[in-house]
Amino acid sequence: MTRNPTLIVAPPALADHAARLGNLLDGLLSARTLPGEIERPERLRAAMAHGVLGGGKRLRPFLVEESAALFGATGAAILRVGAALELIHCYSLVHDDLPAMDDDDLRRGQPTVHRAFDEATAILAGDALLTLAFDLMTSEETDLPADRKLALAGGLARASGIGGMVGGQMRDLEAESAPRPLSASDVETLQSMKTGALLRYACEAGAIAAGASTDEQSRLRRIGEILGLAFQLADDLLDITSTPETAGKATGKDADANKATLPSLNGTDWTRQRLEQLVEEATGLLSPFGDKAETLVQTARFIAFRDR
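All residue numbers for the sequence shown refer to full-length UniProt numbering, where the first residue is 1 and numbers rise by one.
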């Protein structure tokens with residue numbers, strides 16, 4: 001298959017979704033206190049907003065919404081589930097950018113939270129975003145049956161915790177001082193945790209929120225796994241081929257740190273071919289949903305072949 005340059009175009013629905021999600025997140029991060037809260041320190045609130053409202057593709061909540069739509073579920077509750085996932089993702093970026101982690105100065109084309117504020121405030125902002133995510137997921141305003149909310153909250157905890165995203169970040173830190181370079185299998189496991197776990201959860205969460213069957217949830221979970229691998233492969237490829245101006249963040253850091261990635265181990269041609277295969281696999285798994293899956297098919301292509 002020959003790569004088509006038009007495949008990097010974002011699905012038209014993504015911009016509308018990002019705007020709706022942005023409005024919801026802006027309200028959640030306002031100065032207004034919620035019942036049970038005492039006050040919201042302004043510097044902390046501003047740091048949280050800086051880490052969340054400064055742009056971004058909003059792919060994870062978009063995947064929640066589009067996965068739920070496969071089963072006819074739409075509305076405010078689905079958007080709130082996606083917003084909870086986005087808060088987790090943004091908290092992880094705030095913490096990953098810290099000097100003790102990846103030590104980045106730029107995120108989404110603007111200073112990272114610890115640069116715009118300070119390290120202590122960035123740590124607390126991440127902590128607060130993490131807890132706000134579960135507040136949002138379990139609140140009465142997220143109008144879903146209690147058993148679905150319980151499954152969603154439990155799934156999010158496991159995808160983001162020791163056996164998922166946070167565990168993957170630990171493996172990434174360990175790799176920096178490992179006595180031998182990571183194998184391709186090691187790298188894939190690490191990335192399936194650090195990046196892939198939340199993308200896998202995003203698709204599965206849409207099915208859970210919609211009340212889909214166990215088999216349907218498993219299908220969407222597999223689609224999420226594929227998209228997670230494609231996202232990381234594309235991200236690592238961009239680190240090699242893109243510029244900071246295009247990417248909106250530092251590039252070339254993996255090579256500078258002598259960090260093993262699948263593109264560095266297998267080459268850029270292998271990576272592009274593997275991305276084609278992953279898109280084909282995701283498309284095949286979505287085929288039973290017919291036209292309802294067209295946006296997700298477009299999203300798979302965008303994830304794999306984006307230019308930033």
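These are calculated hints, taken from the structure and not from any lab test. Do not rely on the hints blindly, as some may be mistaken.
Listed below are the simulated EDC-like cross-link pairs for lysine to aspartate or glutamate, each with C-alpha atoms no more than 20 Å apart in a straight line [unchecked claim]: (1) 149 / 135; (2) 57 / 307; (3) 259 / 174; (4) 259 / 235; (5) 57 / 16; (6) 259 / 102.
These are the hints, each one checked on the structure:
no., hint, verdict
1, 149 / 135, "holds (11 Å)"
2, 57 / 307, "holds (12 Å)"
3, 259 / 174, "holds (11 Å)"
4, 259 / 235, "holds (14 Å)"
5, 57 / 16, "holds (11 Å)"
6, 259 / 102, "holds (12 Å)"
When the structure is compared with the earlier hints, no violation turns up for any of them.
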